[in-house]
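J.: What follows is the residue order along each chain.
Number of protein chains: 2
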Amino acid sequence: MSFFQSSKWSLIAGGITAPSGFKASGVSAGLKPSKKLDLALLVTSPNAQCSGTFTQSFVRAKCINLCLERLSKTAGKVRAVLVNSGHANACTGNRGIDDSLIATRALAEKLDLLEEEVLICSTGVIGEPIPMQKLLKGLDPLVMNLSKEGGSDAAKAILTTDLIEKEIAIEGYLGDRLIRIGGMAKGSGMIHPNMATMLGFLTCDAGLPKDVWDAMIDRVVDCSFNAISVDGDTSTNDSFLAFAQGDILDSQHFNELEIGLKLVSTYLAQSIVRDGEGANCLFEVKVKGTSKIAHAQIIARQICSSCLVKTAIHGCDPNWGRILSAAGSTGIPFSLDEVSIWIGSFQVMSNGQPVEFNRKLVIRYMKEIIKGNNASDEKLIISLVVGRSEIEAIAWGCDLSSEYIHINADYTT
Amino acid sequence: MSFFQSSKWSLIAGGITAPSGFKASGVSAGLKPSKKLDLALLVTSPNAQCSGTFTQSFVRAKCINLCLERLSKTAGKVRAVLVNSGHANACTGNRGIDDSLIATRALAEKLDLLEEEVLICSTGVIGEPIPMQKLLKGLDPLVMNLSKEGGSDAAKAILTTDLIEKEIAIEGYLGDRLIRIGGMAKGSGMIHPNMATMLGFLTCDAGLPKDVWDAMIDRVVDCSFNAISVDGDTSTNDSFLAFAQGDILDSQHFNELEIGLKLVSTYLAQSIVRDGEGANCLFEVKVKGTSKIAHAQIIARQICSSCLVKTAIHGCDPNWGRILSAAGSTGIPFSLDEVSIWIGSFQVMSNGQPVEFNRKLVIRYMKEIIKGNNASDEKLIISLVVGRSEIEAIAWGCDLSSEYIHINADYTT
Numbered sequence: 000m001s002f003f004q005s006s007k008w009s010l011i012a013g014g015i016t017a018p019s020g021f022k023a024s025g026v027s028a029g030l031k032p033s034k035k036l037d038l039a040l041l042v043t044s045p046n047a048q049c050s051g052t053f054t055q056s057f058v059r060a061k062c063i064n065l066c067l068e069r070l071s072k073t074a075g076k077v078r079a080v081l082v083n084s085g086h087a088n089a090c091t092g093n094r095g096i097d098d099s100l101i102a103t104r105a106l107a108e109k110l111d112l113l114e115e116e117v118l119i120c121s122t123g124v125i126g127e128p129i130p131m132q133k134l135l136k137g138l139d140p141l142v143m144n145l146s147k148e149g150g151s152d153a154a155k156a157i158l159t160t161d162l163i164e165k166e167i168a169i170e171g172y173l174g175d176r177l178i179r180i181g182g183m184a185k186g187s188g189m190i191h192p193n194m195a196t197m198l199g200f201l202t203c204d205a206g207l208p209k210d211v212w213d214a215m216i217d218r219v220v221d222c223s224f225n226a227i228s229v230d231g232d233t234s235t236n237d238s239f240l241a242f243a244q245g246d247i248l249d250s251q252h253f254n255e256l257e258i259g260l261k262l263v264s265t266y267l268a269q270s271i272v273r274d275g276e277g278a279n280c281l282f283e284v285k286v287k288g289t290s291k292i293a294h295a296q297i298i299a300r301q302i303c304s305s306c307l308v309k310t311a312i313h314g315c316d317p318n319w320g321r322i323l324s325a326a327g328s329t330g331i332p333f334s335l336d337e338v339s340i341w342i343g344s345f346q347v348m349s350n351g352q353p354v355e356f357n358r359k360l361v362i363r364y365m366k367e368i369i370k371g372n373n374a375s376d377e378k379l380i381i382s383l384v385v386g387r388s389e390i391e392a393i394a395w396g397c398d399l400s401s402e403y404i405h406i407n408a409d410y411t412t
Numbered sequence: 000m001s002f003f004q005s006s007k008w009s010l011i012a013g014g015i016t017a018p019s020g021f022k023a024s025g026v027s028a029g030l031k032p033s034k035k036l037d038l039a040l041l042v043t044s045p046n047a048q049c050s051g052t053f054t055q056s057f058v059r060a061k062c063i064n065l066c067l068e069r070l071s072k073t074a075g076k077v078r079a080v081l082v083n084s085g086h087a088n089a090c091t092g093n094r095g096i097d098d099s100l101i102a103t104r105a106l107a108e109k110l111d112l113l114e115e116e117v118l119i120c121s122t123g124v125i126g127e128p129i130p131m132q133k134l135l136k137g138l139d140p141l142v143m144n145l146s147k148e149g150g151s152d153a154a155k156a157i158l159t160t161d162l163i164e165k166e167i168a169i170e171g172y173l174g175d176r177l178i179r180i181g182g183m184a185k186g187s188g189m190i191h192p193n194m195a196t197m198l199g200f201l202t203c204d205a206g207l208p209k210d211v212w213d214a215m216i217d218r219v220v221d222c223s224f225n226a227i228s229v230d231g232d233t234s235t236n237d238s239f240l241a242f243a244q245g246d247i248l249d250s251q252h253f254n255e256l257e258i259g260l261k262l263v264s265t266y267l268a269q270s271i272v273r274d275g276e277g278a279n280c281l282f283e284v285k286v287k288g289t290s291k292i293a294h295a296q297i298i299a300r301q302i303c304s305s306c307l308v309k310t311a312i313h314g315c316d317p318n319w320g321r322i323l324s325a326a327g328s329t330g331i332p333f334s335l336d337e338v339s340i341w342i343g344s345f346q347v348m349s350n351g352q353p354v355e356f357n358r359k360l361v362i363r364y365m366k367e368i369i370k371g372n373n374a375s376d377e378k379l380i381i382s383l384v385v386g387r388s389e390i391e392a393i394a395w396g397c398d399l400s401s402e403y404i405h406i407n408a409d410y411t412t
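Protein chains in written order, with numbering that gives the first Met the number 0: chain A, 0 to 412; chain B, 0 to 412.
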């Protein structure tokens, strides 16, 4: 991965159980008709610090409320997370909270933990409750299978319409300490800034004070999971949980650790977009020159969310008018006379004036990426300068294809 | 049309030239490769009052600036509008304003008007200038063809990817005066709240004071053209121009006139959505119970813009979870416990609890509408109650189909 070149971090095998102090497992409890793995568990050693980020939607699953309450009550000292896939348990009336309580209580007993030390994340169809008998029967094998090697099974068990697992682990020396960071995620549709049917989990074997860890994870989420869009919709169940456990890290290494956390989170976020429903390519939008970073973010994310930009990219059409039009529709003020646009390395607009460009070459550049292996490192780059400042932001999106329509036109039926 | 039942207004033949005091024409100037009509003209008698509403995008065509300046300079006393279709003349650098000035100057001379009394609207591909020689050659036949019967030709000449013309005229007695209102519109993609690649024109043979007319048109646009969404993108060229000319109307009839203006504008706005790129059905979202009307509007429009809702409707899938999820993602606060949802007359959620419903019947209801003749009166109705107030708003959208992808994946190439 090219983005590792300039950092202290290097890629290693594994995922959430690569750092010390974490065990995981994944089993099939029969929740998914396909009999694929559908129940995952992550357990940390005592004193891990957990920071949680959740959907901003007012319509959210009750398991989110449970997580928020318990993170608050324990000041982030939770020990285990149960994940069930297939049923979002959102908009299921009273069963939403009842079933979340029953599941975490049963698991807490088996793990000999306090109830409030156990969280639950659910993902799947909205409006359908979890088949609780199956889930409860699945807890024993789930606990039995807990191991240092269980990260990969857990990464499989949290998936729904995803085509590929999303996990990563990196390591690097911070001073003379070897630190590892691991992560896994799921999500392929309904992904939008502010998180959406997206579950993400990050583990790290350096300890950090609660306030430092929370602030660090805020920044990390903002430039990774909050910077992606698959279809512009947001979800009821989005959750990102980040655990830090181990001896407290010397503060001189905080910046380097944050770089590692961003690498892992950005990789996972981009993997979600690459695996976007019906997606054939990942594209990256860089926006520079606004007065505030939030403005650059809004413009970049709007371009990534535009159906017209997404279909143009799908059709390998260098239609910069749609890119500019999406930027303009945000309400963020900028002067057209200062706008320059590039598709890849090809400049198509300079200071508000269209630039003569070799359309065939640009189309070839787009076709090579869209026809490539999307699981690879390739991405289509769109760059905009909208003003004179050096402030910039990046967002990621995927093309919009007929396949997306087919997948989504009959998901529940 | 069922929405006429309760009003004084009745449908008549024709469009923008049905009211007295207006002439129009449409010719083929060779701007479109297809040789279809591509240049339209609307001319009013002296003293008409024009109110203009334009795209909110920061990236807008220079013809919009020209219209705004001239409406301001003349206090709305403009006399003619030229419309060219095929080329948006947006993001074309200096040519944007230069060509708009040349075209309106030439037309003003031929019509013996002041330059500032002539407006221009352009629609088509962004980034491509207008073939000016062709446009200028087209002005003579355009002026020659001006007539009371020219409304229909004008309605054809403003179209781009539209499949059908959109025009309407109504009449009704306000006191003992017979008043007529006419309208035409174009637009099928890029339609979103706050207007988008949408052109709309309204004519009325009752005179109104400038301030009354401007305020009335503001309200009319807000509940019609600003309440529709085809693909969530906004455009560089959206314009709505409304002309009132004739003896000043007695103020006791203002309310009744406004009802007529809303009928015409709502019909045109819905026609645009029905003709949405790749659309198979129009759906209407009613939201009730918010603390402010703006909140109900935001929720209704968000549901209409959701790719997941739009694909679910395309697949005749009564996936109310996506409807609720879209509502929740707006950031407008409401309590899930007070949410009830209906698809057609079928209740699917009651006070936050899922309701057992006959899925087959709901699917049949959806299929009948989506398979029907979309140019007809049929629409799929989605109703939400999100609180206890009586405040409500309505928005309209269309399903998202593979055809949309095909149309948009290679529009310029």
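It should be emphasised that the hints constitute simulated quantities derived from the structure, not laboratory data. Bear in mind the structure is a predicted one, so any value in this text is a computation, not a measurement. Accuracy of the hints is not assured; some may be wrong.
Repeated chains share a single entry, so a pair holds when one copy, or any two copies, can fit it.
In silico DSS-like cross-links for lysine-lysine, where the CA-CA straight-line distance does not exceed 30 Å [unchecked claim]: (1) Lys378 x Lys287; (2) Lys7 x Lys359; (3) Lys359 x Lys133; (4) Lys109 x Lys34; (5) Lys31 x Lys285.
J.: Taking the hints in turn, state whether each one holds.
T.: Results of checking the hints against the structure:
no.: 1; hint: Lys378 x Lys287; in the structure: within (19 Å within a copy, 44 Å between copies)
no.: 2; hint: Lys7 x Lys359; in the structure: neither (40 Å within a copy, 58 Å between copies)
no.: 3; hint: Lys359 x Lys133; in the structure: between (56 Å within a copy, 28 Å between copies)
no.: 4; hint: Lys109 x Lys34; in the structure: within (24 Å within a copy, 76 Å between copies)
no.: 5; hint: Lys31 x Lys285; in the structure: neither (39 Å within a copy, 35 Å between copies)
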